[in-house]
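Peer 1: One-letter residues, chain by chain:
2 protein chains.
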Amino acid sequence: MKKLNIAQIVSHIGEEVEIRGWVNVIRNHKKIVFLDIRDASGVVQVVGDSSFAQLSPEDVVTIKGLVKKRPEKLINPKLLTGTIEMEAKSFTLLAAAQELPFDMGKEDLGLTLPVLLDYRSLTLRHGKIRSIFKVQETIVTTFRKTMKDAGFTEVQAPTIVATATEGGAEVFPISYFDKKAFLAQSPQFYKQILVSIFEKVFTVAHAYRAEPSVTTRHLTEYVGLDAEMGFIDSWTEVMDMAETLLKNIFKAVKTEHTDILTQYGVEVPKIESSIPRIKLTEAKELIFKRTGRDIRTEPDLDPEGEREMSKWARETHGSDLVFVTHYPTKKRPMYTYPDPENPEETLSFDLIGKGQEWITGGQRINNYEQLVTNIKKWGQDPIHFEIPYLQAFKYGMPPEGGFCLGLERITMNVLGLANIREASLFPRDMERVDIALPKT
Amino acid sequence: MKKLNIAQIVSHIGEEVEIRGWVNVIRNHKKIVFLDIRDASGVVQVVGDSSFAQLSPEDVVTIKGLVKKRPEKLINPKLLTGTIEMEAKSFTLLAAAQELPFDMGKEDLGLTLPVLLDYRSLTLRHGKIRSIFKVQETIVTTFRKTMKDAGFTEVQAPTIVATATEGGAEVFPISYFDKKAFLAQSPQFYKQILVSIFEKVFTVAHAYRAEPSVTTRHLTEYVGLDAEMGFIDSWTEVMDMAETLLKNIFKAVKTEHTDILTQYGVEVPKIESSIPRIKLTEAKELIFKRTGRDIRTEPDLDPEGEREMSKWARETHGSDLVFVTHYPTKKRPMYTYPDPENPEETLSFDLIGKGQEWITGGQRINNYEQLVTNIKKWGQDPIHFEIPYLQAFKYGMPPEGGFCLGLERITMNVLGLANIREASLFPRDMERVDIALPKT
Numbered sequence: 208m209k210k211l212n213i214a215q216i217v218s219h220i221g222e223e224v225e226i227r228g229w230v231n232v233i234r235n236h237k238k239i240v241f242l243d244i245r246d247a248s249g250v251v252q253v254v255g256d257s258s259f260a261q262l263s264p265e266d267v268v269t270i271k272g273l274v275k276k277r278p279e280k281l282i283n284p285k286l287l288t289g290t291i292e293m294e295a296k297s298f299t300l301l302a303a304a305q306e307l308p309f310d311m312g313k314e315d316l317g318l319t320l321p322v323l324l325d326y327r328s329l330t331l332r333h334g335k336i337r338s339i340f341k342v343q344e345t346i347v348t349t350f351r352k353t354m355k356d357a358g359f360t361e362v363q364a365p366t367i368v369a370t371a372t373e374g375g376a377e378v379f380p381i382s383y384f385d386k387k388a389f390l391a392q393s394p395q396f397y398k399q400i401l402v403s404i405f406e407k408v409f410t411v412a413h414a415y416r417a418e419p420s421v422t423t424r425h426l427t428e429y430v431g432l433d434a435e436m437g438f439i440d441s442w443t444e445v446m447d448m449a450e451t452l453l454k455n456i457f458k459a460v461k462t463e464h465t466d467i468l469t470q471y472g473v474e475v476p477k478i479e480s481s482i483p484r485i486k487l488t489e490a491k492e493l494i495f496k497r498t499g500r501d502i503r504t505e506p507d508l509d510p511e512g513e514r515e516m517s518k519w520a521r522e523t524h525g526s527d528l529v530f531v532t533h534y535p536t537k538k539r540p541m542y543t544y545p546d547p548e549n550p551e552e553t554l555s556f557d558l559i560g561k562g563q564e565w566i567t568g569g570q571r572i573n574n575y576e577q578l579v580t581n582i583k584k585w586g587q588d589p590i591h592f593e594i595p596y597l598q599a600f601k602y603g604m605p606p607e608g609g610f611c612l613g614l615e616r617i618t619m620n621v622l623g624l625a626n627i628r629e630a631s632l633f634p635r636d637m638e639r640v641d642i643a644l645p646k647t
Numbered sequence: 208m209k210k211l212n213i214a215q216i217v218s219h220i221g222e223e224v225e226i227r228g229w230v231n232v233i234r235n236h237k238k239i240v241f242l243d244i245r246d247a248s249g250v251v252q253v254v255g256d257s258s259f260a261q262l263s264p265e266d267v268v269t270i271k272g273l274v275k276k277r278p279e280k281l282i283n284p285k286l287l288t289g290t291i292e293m294e295a296k297s298f299t300l301l302a303a304a305q306e307l308p309f310d311m312g313k314e315d316l317g318l319t320l321p322v323l324l325d326y327r328s329l330t331l332r333h334g335k336i337r338s339i340f341k342v343q344e345t346i347v348t349t350f351r352k353t354m355k356d357a358g359f360t361e362v363q364a365p366t367i368v369a370t371a372t373e374g375g376a377e378v379f380p381i382s383y384f385d386k387k388a389f390l391a392q393s394p395q396f397y398k399q400i401l402v403s404i405f406e407k408v409f410t411v412a413h414a415y416r417a418e419p420s421v422t423t424r425h426l427t428e429y430v431g432l433d434a435e436m437g438f439i440d441s442w443t444e445v446m447d448m449a450e451t452l453l454k455n456i457f458k459a460v461k462t463e464h465t466d467i468l469t470q471y472g473v474e475v476p477k478i479e480s481s482i483p484r485i486k487l488t489e490a491k492e493l494i495f496k497r498t499g500r501d502i503r504t505e506p507d508l509d510p511e512g513e514r515e516m517s518k519w520a521r522e523t524h525g526s527d528l529v530f531v532t533h534y535p536t537k538k539r540p541m542y543t544y545p546d547p548e549n550p551e552e553t554l555s556f557d558l559i560g561k562g563q564e565w566i567t568g569g570q571r572i573n574n575y576e577q578l579v580t581n582i583k584k585w586g587q588d589p590i591h592f593e594i595p596y597l598q599a600f601k602y603g604m605p606p607e608g609g610f611c612l613g614l615e616r617i618t619m620n621v622l623g624l625a626n627i628r629e630a631s632l633f634p635r636d637m638e639r640v641d642i643a644l645p646k647t
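Which chain is which? The protein sequence lines are H and S, in order. Quick note, the first sequence lines up with residues 208 to 647 if you use this note's numbering. Quick note, the second sequence lines up with residues 208 to 647 if you use this note's numbering.
Careful, some of the hints might be misleading.
All copies of an identical chain are treated as equivalent in the list; a pair is satisfied when it fits inside any one copy or across any two copies.
[Unchecked claim] Taking lysine-lysine pairs in the DSS-like style, the calculated list, with each CA pair at most 30 Å apart, reads: (1) Lys458 - Lys352; (2) Lys454 - Lys210; (3) Lys386 - Lys646; (4) Lys285 - Lys386; (5) Lys458 - Lys355.
If you're looking for bench data, these hints aren't it; they were derived computationally from the structure. Since this is a predicted model, take the numbers as computed values, not measurements.
Using the sequences and the hints given, assemble the complete structure.
Peer 2: As structure tokens, this is what we get:
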């Protein structure tokens, strides 16, 4: 007898087959029992005799039975297998489930976030929640494919680092035997170094931020999609690469997951031809002209400004996204390349959409002396950057730049999720590492 | 003028092109200067006038010039570009390198390990060293492709964990705000949980071992290639999958990197048809019979025993590798499935080759009560395993098993490297996190 995935049996009408999965829903009509059986590929309706009534939701079973066409009026267009059902002959209970704390059979679980996370190993099984991570897998795969096709080498950057140097966000200290080490805030330094080895590199790397705040947009552990490219003739090549990547991601998600987009009631962001690029100072002028709101003396866009710029991009360029460029030198890390035409500004960009930042990037300083000078200017001691970072520049680094995007952030944005925790299989924040941490 | 990679210019004889790269070697013959220019794709000989004499090793340059065929007797068969040279017209210095601490132009660097690592950002540029990581990239890519082709879903497991529960190797504590957390020793628990979501999963995950010893085979941070599969009918399916993976890896490395294998004077391990499988007790009997050495009362094979088993596999099955199975229950983690025919032994395996362990895996206990009982038997409190691990089993987990291999370990074994540190871009151990840590 053929052992098949549930998605496969649609094309086996009239055959006896074996499926394996979980009891998703069970409806006991006494002499006859209806079960929705779920596996990773889909859900199918199974009709069994009264012996099936002993089963409970989430029991793991194998079921043998006959695949039958459903009568026309009983077709369920919402199900991939809605044109068929399985007439069960027998079942084997592989593992029994305890009584569930809530109904898993609903289209939307409708649980609060703490409950959703307290029962993460269970709630992840729900079709709509699991879908998030199929989209996420597609995003990662498309990132790798796009970068490899463009000649980038995939690298593995370490996450234990000796000093807490990059500044900005707080870092987690580790007890490293009888010494102290830290969790890397990003693979930034390593990807830059590796440009001097492989010219173009990318990495999918876990990164850690110990910012002591609880927001809907931040995790303490996240997955960064990082790329860095050498021998650039212009810093705009970095933006071009980021734009190509995003277009590929949207296309792949749209092609592979139309059903999930529908389930979430969203569409991938629109980019009619290309993503507009506008200097931060011009963006602030534009916001003033369009809304009367004056943020021209602010160093950055506020969320309202980001939303206004998204709106502008959509209206004038048919694009849901916009590159805002030339951020002030003071507001960017010490390695950011100053604009030769105006050293108060940098050759840097943020990609803005739906009032959020999607990607950040830019050109980096590749001259050793300039980098050392900047480190001092930023109030740090170059000795802490010497090995391995500055060493790469001391011995010849080409003009280079790069970008990064947070995997959970982009998953959240694409699916329109309310909270970034929904876009992480096992989210970590200040208050939770699987279990809610004790208050102190 | 065409900007080309060095590997590309071989097919542009008679054309003026531009290349970009590093000065690998410079030989000054006064009126004429020979330079080996290196980029990520290869090395080419460039002939320039005396103006080129101002360049130094590792300077970053662009060079414009004419691609010419070399006279027959000057062809260098060792170089990909050995049939051509470039007659340079002009150059631009993109970044100057400081004087090097050692000669980077030799075929073998011939440095001690501490020097190799003290100058890691420089030594990684060396062709023979960089090659290690091209092989490593191929191994990772082949792992992903093999698993995806077999229907596995790629997942992202967290590395910050709440409790140090898996036992065995020591763990690194993290200061997690005002609480304590730990670095995961492996994604084991998460990949098992995720079987109940996606049935078959894999992950490329950093993992951390705080074992206070310095050996040639261990790192404190390593990259694990982890896979886990549900609904197995027999635990041998896990070995079958591991065997398919290894065969694919060897094939890909051989196909894509013949030159690197030659450079390292090695061949990929031979597997004539399939990898033999032998019970640990039988292996120990065999060693006794073949060598007279009696390790029959030992719980495991020693390195000498592992070498003897590799020898046996080669002689009798034409395989450089051998699966040793049925390790004693006491020596395996608490989640390992006991052999129903002999509960003193487990349905587990190690893949042995060249006197080393390459892969470890087996079937896991999927019954909730049995798992809880075992946790207690192993002297631990199930409460620490409840969320998220045991929760997955409480609500129905199919029969499942999996395996993992260390990326650096397999890279080392395939290339015959003496020390695992050579197979990590930025190796971490008890004494080094980029910089040698201060002795205390």
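Peer 1: State for each hint whether it applies.
Peer 2: Now for the hints, and whether the structure bears them out:
no.: 1; hint: Lys458 - Lys352; verdict: both (13 Å within a copy, 21 Å between copies)
no.: 2; hint: Lys454 - Lys210; verdict: between (39 Å within a copy, 26 Å between copies)
no.: 3; hint: Lys386 - Lys646; verdict: both (28 Å within a copy, 9 Å between copies)
no.: 4; hint: Lys285 - Lys386; verdict: neither (58 Å within a copy, 46 Å between copies)
no.: 5; hint: Lys458 - Lys355; verdict: both (17 Å within a copy, 20 Å between copies)
Hint check: a violation occurs at hint 4 only; the rest are consistent with the structure.
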